[in-house]
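Visitor: Okay, here's what each chain looks like letter by letter:
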Amino acid sequence: MNKLDIGKYIERFVDWLSDTAAPLFRQITIMIDNSVNVLQELLGYVPFYMIIAIVALIAFIIKKKSLGNHKYWQNNIATLIGFPLFCVLGLLLIYWMGFWEQTMDTFILVLVATLIVLMIGIPLGIWCAYNKKAYAIIRPLLDFMQTMPAFVYLIPAILFFSVGNVPGVLATVIFSLPPAVRMTALGIKSVPKEVVEASVAFGCTRRQTLFKVQMPLAMTTILAGINQVIMLSLSMVVIASMVGAGGLGESVYAGIQQADVALGFEAGLCIVILAIILDRMTQLLGKEKEEQK
Amino acid sequence: MNKIEMKNLFLIFGTAKKQALRMLRSGKSKKEIHQRTKCTIAVNNVSLSIKEGEIFVVMGLSGSGKSSLLRCFNMLNVPTSGSISIDGEDITKMNKTKLLNLRRKKVGMVFQNFGLLPHKTIIDNVAFGLEIQNINLKERYEKAKEIINIVGLSGYENEYPYQLSGGMQQRVGIARAIATDSQILLMDEAFSALDPLIRSQMQDDLLDIQQKLKKTIIFITHDLDEALKLGNTIAIMKDGVIVQQGSPEDILMNPADDYVKAFIGNVDLSKIITASTIMEPFRARVQLGKDGLASALRLMERHTLRFVAVISEDNKFKGYVRKKDVERKIAAGEKGLESILMDIPKVMEDHSVSDMLPLFINQKYPLAVVDCNERLIGCIRYSDVVAMVTGYDEEAVKEIIENAS
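One line per chain: the protein sequences are V and Z, in this order.
Take 1 as the starting number for the first sequence in my numbering and just add one per residue.
Take 1001 as the starting number for the second sequence in my numbering and just add one per residue.
Mixed in with the good hints, there may be bad ones.
To be verified - Taking lysine-lysine pairs in the DSSO-like style, the calculated list, with each CA pair at most 30 angstroms apart, reads:
#, chain 1, residue 1, chain 2, residue 2
1, V, K212, Z, K1329
2, Z, K1017, V, K193
3, V, K212, Z, K1105
4, V, K193, Z, K1323
5, V, K193, Z, K1018
6, V, K132, Z, K1093
7, V, K189, Z, K1051
8, Z, K1017, Z, K1098
9, V, K193, Z, K1028
10, V, K133, Z, K1038
11, V, K287, Z, K1120
12, V, K189, Z, K1229
13, V, K193, Z, K1098
14, Z, K1346, V, K193
15, V, K189, Z, K1105
16, V, K189, Z, K1017
17, Z, K1031, V, K193
18, Z, K1051, Z, K1098
19, Z, K1038, V, K132
20, V, K212, V, K133
21, Z, K1030, V, K132
22, Z, K1143, Z, K1007
23, Z, K1106, Z, K1120
24, Z, K1238, Z, K1028
25, Z, K1346, Z, K1290
26, Z, K1051, Z, K1229
27, Z, K1143, Z, K1018
28, V, K65, V, K212
29, Z, K1143, V, K212
30, Z, K1120, V, K189
31, Z, K1018, V, K132
32, Z, K1290, V, K193
33, Z, K1030, Z, K1007
34, Z, K1096, V, K212
35, V, K133, V, K3
Derived from the structure by calculation, the hints contain no laboratory data.
The following block holds chain Z by itself, in its conformation from the complex (with noise of 0.2 angstroms):
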């Protein structure tokens, strides 16, 4: 069962919802709804699912209504229209005192400034949520002890948030979300107030936190590089309505409109597509022990290649041969092919474009794409990695060199 089921949702802010609402359902659209009744339509039918201990990234421009839409999940935003369930329990209709344990047991919340409380220590601020529960000073003392540690902060209980760098100033905010126990994190931009480099090491942290708790944390961010970082799932949102829902890769290979595309335009694509996206399979192959020259030529010759790969007699890619070898072979009358076999980088299908792009310097051949065993599972030419890069297809490429020679 999915932790999260959102359901239709809209969320309108203004005066005169209901009738907002009416005119939305009706077909009309934004700028007439806002005309009519100074209406603002900030999430509009929105449907989601979020599994258990995913991280579930939001990601859009400032405006789109993402902020909004995660305000709805602690109803800090009382959604217009539709129902959110956590756990199966329809949180819309919960009573007051259901929502304050909710936020107080269930779910906690990081912000883009911090919002830390600035009369407060480092520990106090930690203990926030568990001072709110009336929860005695020594047990939730030892509760925020336990997590500073985690987050890194320790040595730092007493001093105030003012003393305190950004970065470390939003560890604080993770760790008063992660002391009360809640299982849902919602990070509100949560790290677009840091400088590049300490927003990385972050999102790093915050992948290690992830790794030891297992939350399910839905993160807003405007930023597709730390999208794609994060997330399990990206949901892309525009205007209210999310316009594309997928795995990372998903989303990369196959934007659903030109919105999408424009946000993925200026994405290092070689430091996200792996190698198991653009090799190819390699079918040719002789094994050791069992196959010779002659059948290595035959195969060869029947599939017109160049080269084929070898691998051992308990299946692991020992490299290529070359057909002009074998053939030099053959006519020698000699046998055997670890003589002329030729050593191949080997990568494993998770390896990024850029982590292998160094390899093919003074490499001819493609490269091969190995699984944990050493089981060749396909290769990838130069030229495949050319394309994915500038997107340009073969034929342009082509083109490309001969307009340059």
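If we strip away everything but chain V, and leave its shape as in the complex, we get (with noise of 0.2 angstroms):
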């Protein structure tokens, strides 16, 4: 019996698209590469104490406006400093161990390819909250991207935009995708129907549906989302250095293959110190929203 070679036809379809899309392939390339070194230069002119100090204010902002107008945290001051100083903490660690640059490069990388998976999957989410035929052909996709081994998307990646940062980002946003437009889809559908008939009833065009009482009302769940998105995208990007992207990853696949713990542990200490300064940000953001309900 013949073996069934799916792997086959997908290797002539990425062939083919290789080929027939490479201008588009090319636009994308150098769109995101330019928006990768803008961000890295800017960063780069900016000095750490700086980043570090302006970190600590937005977590100290977040904190305290999640924290709502209870007044609360005038009683318990170490609730309201305890995550700033965790983030001066944590920043100057990854500066003193020398990592400072790869960590900026990752924060990058995770940022570009957010507000790229953001930039698709909140309307994608908004289409399939309102179409539940384009979620049933959709949601398999989604499925399917999540499901499918990170590893396998540096292929194509790779035959497409070659190696380096964009490959890595664009594996990212195919990974990281599912949640903003799974979680979007959810909160503007679980917005009490009752409310969207009250803002029908009082003469509201669909847009004005939309952004005047789902999107408001779907934030929290869509926050949700986006701290999903940000995580995934984080432990992705580590994985996106075997193609060539810059940052800790970086330094983590060069402790595997040269068997440096040392390297390794360090490295992937920085990324869990990114990964919970930046898990805890849009976590509060989202509690905010909730206070308001």
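Assembling the complex is the task here: the two chains are given apart, and the hints tell you how they should meet.
Guide: The structure is reproduced here in structure tokens:
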């Protein structure tokens, strides 16, 4: 019996695609490369202590807002100060270990990937919420994207975009797109029917209903989605170092290849710190929204 | 002219609406249509006319199609067939822009679970209808504040809905609906989610607001007491059909069928039925200054009465005189009706039966029903009240009395 060679067809398709859509891919490459480079330069100009200060300030403001109007924080300064303090200490540790640049690079890759994901994912999620048929088609695709081992995306990414940051970012985008779509759709669909009906009854156009009622009310869920997107991006950016994406992943990868436990662990620790900071920040944003309900 | 005119309205949910409508018109049953087309018929050939400034109550159990019907008045549900004209314009034929305008400026809606926007403050919720119309912030806050005053929520402008009790939230819902100056209010079981005490208070408040603003209100409820309290006209709906339509008393006194009868079965009639409904005309009367003892006696003998009503010279009701008192007076050779006049409790014609019940204590004679000028227009016998409250006729009452003694 002949072996069924699905892989061959996929390969042929990928080949065809890389031939025909080459100009498009080139454009995408230029765009992503440029934005990564610009951000890298920008952050390169800012001294590390400024960045630490800014991060700590943002952490402080978000934390304070998430505590709401309860004045609870006045009785418990530790609650308020804890997270900003962690940010400062964590980032200082990264700096002292000598991973500052790599960490910034990783952060930029995550940022660019997340922005692209949101630009695609949120409109797609809105479409899915409105259109049952679209959701029926997109949902299995999302499942596929999420369960397919992340390494597999790297292969066509190299074919389309060669090596470097760009295939890394794009593989990351594909890997972390599903939660953005899913959580947006879920958030919009779980807005109480009566509230939507009320907005229509008072003469909202579809756009007004979406932007004045559904999106604000779905924001908590969407923010939870964004949190997941960032976490997935962060994990994928490390894997993406296999195709030449820079940052902490590169160090981890080097650690593996050289069996260098020290290097691997230090880079890993930096990723953990970055992950905790990003995760807490986005979570607190979600909490703040929830406060208002 | 009627404010709203609904003609032969059908509302069918499902995919094969046209086929379902054709089957319905050819007399097929709902069940058969559902089996064949999977369509449900929510509203079945309903025609209504609603006058300007009235509260029109549509009452029915859940699943009777009343809420679906209500949503046709602002086209949240698009009727399958039939027409609805508001101020002479058929809203089923409106284009998108006209329809938006209708919803924005003419028809407001109040929801059972309030439907407030949880992420907006009270004042922003009230001003929501104006915000959609792109009215500037200052103007819409001014208007919203004025309305918030009317519904009695001043001071809560900057709270969020979740900080308010259910009754207060629904006040916000009502405020939002009237802030756009719409002439028509659709209220979908607006008070059903509130506890009984608050509900009754909200009903009173709605009547107050209605007195001030004179809106045309279509009110959906499953509660007959609420319908009777609020409604100028009541339509009772069952399985998508209006089974009876009329004034509250009309429906209570002449229920159209068993369904309506079952509905009104547990109503406290004594609270709704008024003196004018159960009183009997009282024609035998004598006038002070004109008639004397002799004419009173003659009148009673002619009509075989035990007593007769006495009215003053300016036609005001004074009381009764008993036949035996008159005879005693005549035998004693005295004159004048005043000395034997009995004081009789008076009730106004719009007093309910429960208002007058206490007056029957220690009272052997019928109560007098008077109009606002104290002129006698009728009387109410205790037995009439008993018959009305219990639903027994006079013979049944007699039988019960005999059996009991």
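Visitor: Each hint should be assessed against the structure and marked as holding or not.
Guide: Do the hints match the structure? See the list:
1. K212(V) to K1329(Z): violated (86 angstroms)
2. K1017(Z) to K193(V): holds (24 angstroms)
3. K212(V) to K1105(Z): holds (19 angstroms)
4. K193(V) to K1323(Z): Not OK: K193(V) and K1323(Z) at ~72 angstroms, beyond 30 angstroms, violated.
5. K193(V) to K1018(Z): Holds, at about 27 angstroms.
6. K132(V) to K1093(Z): Holds, at roughly 28 angstroms.
7. K189(V) to K1051(Z): violated (39 angstroms)
8. K1017(Z) to K1098(Z): Given pair K1017(Z), K1098(Z) holds - Cα atoms ~25 angstroms apart, limit 30 angstroms.
9. K193(V) to K1028(Z): Violated, at about 33 angstroms.
10. K133(V) to K1038(Z): holds (21 angstroms)
11. K287(V) to K1120(Z): holds (17 angstroms)
12. K189(V) to K1229(Z): Violated: K189(V) and K1229(Z) sit about 39 angstroms apart, past 30 angstroms.
13. K193(V) to K1098(Z): holds (24 angstroms)
14. K1346(Z) to K193(V): Answer violated: K1346(Z) to K193(V) is near 54 angstroms, above 30 angstroms.
15. K189(V) to K1105(Z): holds (28 angstroms)
16. K189(V) to K1017(Z): holds (26 angstroms)
17. K1031(Z) to K193(V): holds (28 angstroms)
18. K1051(Z) to K1098(Z): holds (23 angstroms)
19. K1038(Z) to K132(V): holds (20 angstroms)
20. K212(V) to K133(V): holds (25 angstroms)
21. K1030(Z) to K132(V): Holds: K1030(Z) and K132(V) sit about 29 angstroms apart, inside 30 angstroms.
22. K1143(Z) to K1007(Z): violated (36 angstroms)
23. K1106(Z) to K1120(Z): holds (23 angstroms)
24. K1238(Z) to K1028(Z): holds (17 angstroms)
25. K1346(Z) to K1290(Z): holds (23 angstroms)
26. K1051(Z) to K1229(Z): Satisfied, since the Cα-Cα distance of roughly 18 angstroms is no more than 30 angstroms.
27. K1143(Z) to K1018(Z): Violated. K1143(Z) to K1018(Z) sits at ~45 angstroms, over the 30 angstroms cutoff.
28. K65(V) to K212(V): holds (22 angstroms)
29. K1143(Z) to K212(V): Roughly 20 angstroms separates the two Cα atoms, so the pair holds.
30. K1120(Z) to K189(V): holds (19 angstroms)
31. K1018(Z) to K132(V): holds (24 angstroms)
32. K1290(Z) to K193(V): violated (74 angstroms)
33. K1030(Z) to K1007(Z): holds (21 angstroms)
34. K1096(Z) to K212(V): Judged against 30 angstroms, a Cα distance of about 20 angstroms means the pair holds.
35. K133(V) to K3(V): violated (34 angstroms)
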